[in-house]
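> Please work from the sequences and hints to get the whole structure.
These protein sequences, in sequence, are chains A and B. Each step along the first sequence adds one to the number in the working numbering, with nothing skipped, and position 398 is 398. Each step along the second sequence adds one to the number in the working numbering, with nothing skipped, and position 58 is 58.
Simulated from the structure, these hints should not be mistaken for laboratory data. Where a beta carbon is used, it is the ideal one built from N, C-alpha and C, also for glycine. A portion of the hints provided could be inaccurate.
Covered stretches of chain A (in silico footprint by chain B; criterion: 3 or more residues with CB under 8 Å from a CB of chain B, positions within the stretch not fixed) [what the hints assert, rightly or not]:
1. 69-77
2. 363-377
Derived DEER-like restraints, expressed as beta-carbon distance ranges [as the list claims (entries may be wrong)]:
3. B/K231 to A/I56: 28 to 34 Å
4. A/V395 to B/S391: 48 to 54 Å
5. A/G393 to B/G339: 52 to 58 Å
6. A/E356 to B/S391: 47 to 53 Å
7. A/N128 to B/F411: 57 to 63 Å
8. B/Q383 to A/R301: 38 to 44 Å
9. B/D126 to A/N128: 33 to 39 Å
Number of protein chains: 2
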Amino acid sequence: MTLKRRDGPDTSAPPTSPAPTSTDTVVAQRRNFLRRGAAVAAGGVALGASAQTLEIPKSNLAAGRPMEAKAYGTPSRYYTVTRNRTDVLVNRQNFSDWSMTPLQHQHGIVTPNGLFFERHHAGVPDINPDEHRLVLHGMVRQPLVFTMSDLMRYPSVSKFYFLECSGNGLTDWTRAASTTVQQSHGLLSCGQWTGVPLSWLLEEAGVDPKATWMLFEGADGAGHTRSVPMKKALADVLIVYGQNGEMLRPEQGYPLRAFVPGWEGNVSVKWLRRIKVGDAPWNFRSETARYTDPMPDGKWRQFSFEMEAKSVITNPSGGMRMAGPGPVEIQGFAWSGNGTIRAVDVSVDGGRNWQEARLEEPVLDKCLTRFRFNWRWDGSPAQIASRAVDSTGYVQPTVADIAKVRALTGFVQHHNGVFPWSISASGEVKNAIA
Amino acid sequence: MTLKRRDGPDTSAPPTSPAPTSTDTVVAQRRNFLRRGAAVAAGGVALGASAQTLEIPKSNLAAGRPMEAKAYGTPSRYYTVTRNRTDVLVNRQNFSDWSMTPLQHQHGIVTPNGLFFERHHAGVPDINPDEHRLVLHGMVRQPLVFTMSDLMRYPSVSKFYFLECSGNGLTDWTRAASTTVQQSHGLLSCGQWTGVPLSWLLEEAGVDPKATWMLFEGADGAGHTRSVPMKKALADVLIVYGQNGEMLRPEQGYPLRAFVPGWEGNVSVKWLRRIKVGDAPWNFRSETARYTDPMPDGKWRQFSFEMEAKSVITNPSGGMRMAGPGPVEIQGFAWSGNGTIRAVDVSVDGGRNWQEARLEEPVLDKCLTRFRFNWRWDGSPAQIASRAVDSTGYVQPTVADIAKVRALTGFVQHHNGVFPWSISASGEVKNAIA
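So, in C-alpha cells, the structure goes:
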C-alpha cells in the first residue's frame, strides 16, 4: 500500500480514439496526443479525466463484499444488459412470445445462459427432474422409458452449436422495422450442449428398418410436437441436458430437450417427454399452419429445416453512434446450418465492393464464428454489410436474390439475407434494409 | 393434444444401467430387459416407473410462466449446484478466502460464470465502470490513462483459457483431506475471455527498450499487486473486460482485469487500475511471503508462474457411488499452462497399467480439454487415475516425483500430481491420495 501512495500515476491525457491498426494510424494517434497535451495545458477535459486517476479509488480503501458459503453468482449491479421480449406481431398474454439476445453486447461466441433467447408457445413449465420421463416407442423392437438418471449415466458428448429460430428477422424483409441487431437478429444464441446421441438410444430400442421419421413431443402446455426425418436423427441429433457447463435453463427445456444441429430451433423440442418412431411425418399444426414457407406459385414449402449460411455486423450496429472519424473494428457473427464458415466478406460502400474479413478461431461446425475487419471511417455517410460463405460453397444471398425464388408475403420465415446498416455524417447507425 | 391422448406410450420397463458401449453389452442389456419384464408381470419396481409415463405430465395441462419484458435468466429452482467457500486453512471473517467450482457437475469445458471459482484477499469491490481508470506509466515515452470506453473502442480478441489458482490442491499433497473433486481441484475454471492485447497498449505508450518487468495493481481493498516479466506481457497477456460472452463478473475483476494465460491465477490481477513498466521485479509481499515454493535445500523458489500439465478424473470422483458393476464412462479434465494437451492416459489398477483416453474437440491452447474413457467395472475394488501429456512432451508427474525436486512442507503451491480415486466393492468412490 505504501508503494501505491508513494508512486502516483502520471497526469497525461487519455487516448480518445481506437487503437492504431497500422503504422500511419499510430502516427496519427501520437499527433493526437500532442494536441490533447496542449489542451491539458489550457485546462481542458483531459485534465479532469486524469485528475481522477491521482486519487486512490474508494475500493482500495476498504474491504469489499465478503465471500458467501454457497453461491451461484450474478452480474454486477452496473451491468444492466437483458434479453428483451418483443410484442411485435404477437398476442398480449405473454404465453406465446419470444425474447431476444443482445448480440450487440455479446463478447466472443458463447451466449451467457442468462441472455439466451427464448421462444415458447405456452410459457415455461416448471418440471421436477426426478419426475420427468422420456418415452421412446413406435416402430421399435423394445420400447423404452428413461429417467433423467438413466440418461445421465450414459456416455455423453459436448458440442458447440448455434441455435436460431426460423422466424429470426421476419419483421425486416422489406422494411426497417428493427432499430437494433437485438431486434433484427436476436433469435440467435450459441452454446456448448451436452447430452446423449439419439442414435445410441435408437440402437438400444432396435429401430424397424422401415422407419423413416420420428416425432418429438414436449411436456409444455402447448404440447409442442414436430416430425423429424430418421436420417437426421441418426446423423447428429442429441438428447441434451447440459447447456454451457450446467444443466439446461428452464426456458431452454430443463431438464431435457432434443437438439437438432443447424436446423430451425423449433424442431429442437424442449421439455422433451416422448419420441415416437414411424414411417411418415405426422403433419402437426407446427408443420402445416406454421413453420412453412410461401412460394411464388402460391404453394407453401413444408419441412424447410436447414438454417442456411448467414451473417450480420454487430459493431457498429443499429442504435449506436460512431465515436468519430478514425479507425474502427467492424465485428459480427457468421454461421451456417450446413457446415463451417469458410469466409466472410465486408462491404463499406453499400455492396459495390467486398473485402475479406478475419475469422477468429475456433471456427466450428454449425457454430457462431466471429469475424473482424479493420476500417477507417472518414466521417462521410456509408452503408456497411457482411456476406458469409460456408464450407459447401453457398454464398449468403441478398433479399432480392431470395425474392426471386420465394414469396415475401405475410409471416415469412428463414430470412438469411445480407443485412445492411447505414452510417450518417453525424455518426448515427441505422437499419438500412429496404 | 388429441394425438397425445390417443397415442399413449408403451408400458415397458426402463433401462437400469448405462448405455451399451459394445455388442456384448448390448446383449447383456437386452437380457436385463427380459428379466425386468418378468418383474413387471409380478408387479415390481419397473411397473411403478413406467406407470408414471402413462399419465400426461401436469406441465402439459396448463400454461407455464409467462415471458418477462426484460430478463436476465436464472437456473431452475431444482438445480441447486453452487460454488462453495472453504474454511480450510483460512481466517474466519471471509474477506480473504476462496470458493471452488463444482467440477463434478460441469458439462463440457465452459464454466458457467455463476459457478466460477473465487479467490480474493479483501472481498469483492463494488466498482462503477464509468469511474474506473487504468493507468499505464513508468518506463514509457507517453504515460496513458484509459477509461473503460477508451478500452472498449479498441479492436478486441476472444480466447478460451483455463484459470487455476496456484494453491489448487494444497490440502491434498500427502493426505486425503478433500472428499470431492470440488474440494481437491475446484480452484480451476475455464471461459472465453475478451479484451485488448497488452502489447497494443504498450506500443502506444512507447516502452523503454531497457524495460524488463511490469507491475499490475488491483483496485481492491488489499491492493493486490504482482510483478510480471515484460516478455510474457508482450507474448499473450490480455487486458480483459469480457467473460463468457458478457462483462466480467464482480468476483472476476469487474470491470477490468489482467489475464496472463497459463500462469498462476494470482498474477491475472483483478479490478486492474495500474500498470507500471520497470527494469526489475518489485518483490511485493505476494512474491516474497506468498506464492513461492519451498525447495529441498531450504530455500524458496520465487516467480514460479507456469501452471504445468495436470489432469483429474471428475466422473466417477470422490463422494459418488457407482450405480453397480457394468459399463461406465470415465470422464475428466486435462490442461497445461505451456500449450495444448497431446494425450491423457487412464489407469484403473492403481497406476500399474495405463491406456490412452479419447480427447474431445476442440482441443485448445491453455484451455481445459475433456477426456473420456470407456471402462467396465467388474464390481471389485479398484483405483483409478489420469495422467496428462502436453504439446511440449511434459508428462504429468506423481506426487512422489514432485517430492524428489521440491519440499512438500507447509503451505505448498503448484500441486499438479497424478490424483487417484479408490472404488470400494460397495461402489463408494474416495480420495486415494497418500
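> Does each hint fit the structure? Answer for all of them.
Structure-based check of each hint:
1. 69-77: holds (count 9)
2. 363-377: holds (count 4)
3. B/K231 to A/I56: 28 to 34 Å: 30 Å, holds
4. A/V395 to B/S391: 48 to 54 Å: Given a distance of about 37 Å, which is not inside 48 to 54 Å, the answer is violated.
5. A/G393 to B/G339: 52 to 58 Å: 34 Å, violated
6. A/E356 to B/S391: 47 to 53 Å: For A/E356 and B/S391 the Cβ distance comes to about 30 Å; the hint is violated.
7. A/N128 to B/F411: 57 to 63 Å: 44 Å, violated
8. B/Q383 to A/R301: 38 to 44 Å: 59 Å, violated
9. B/D126 to A/N128: 33 to 39 Å: Distance hint for B/D126, A/N128 holds at roughly 37 Å.
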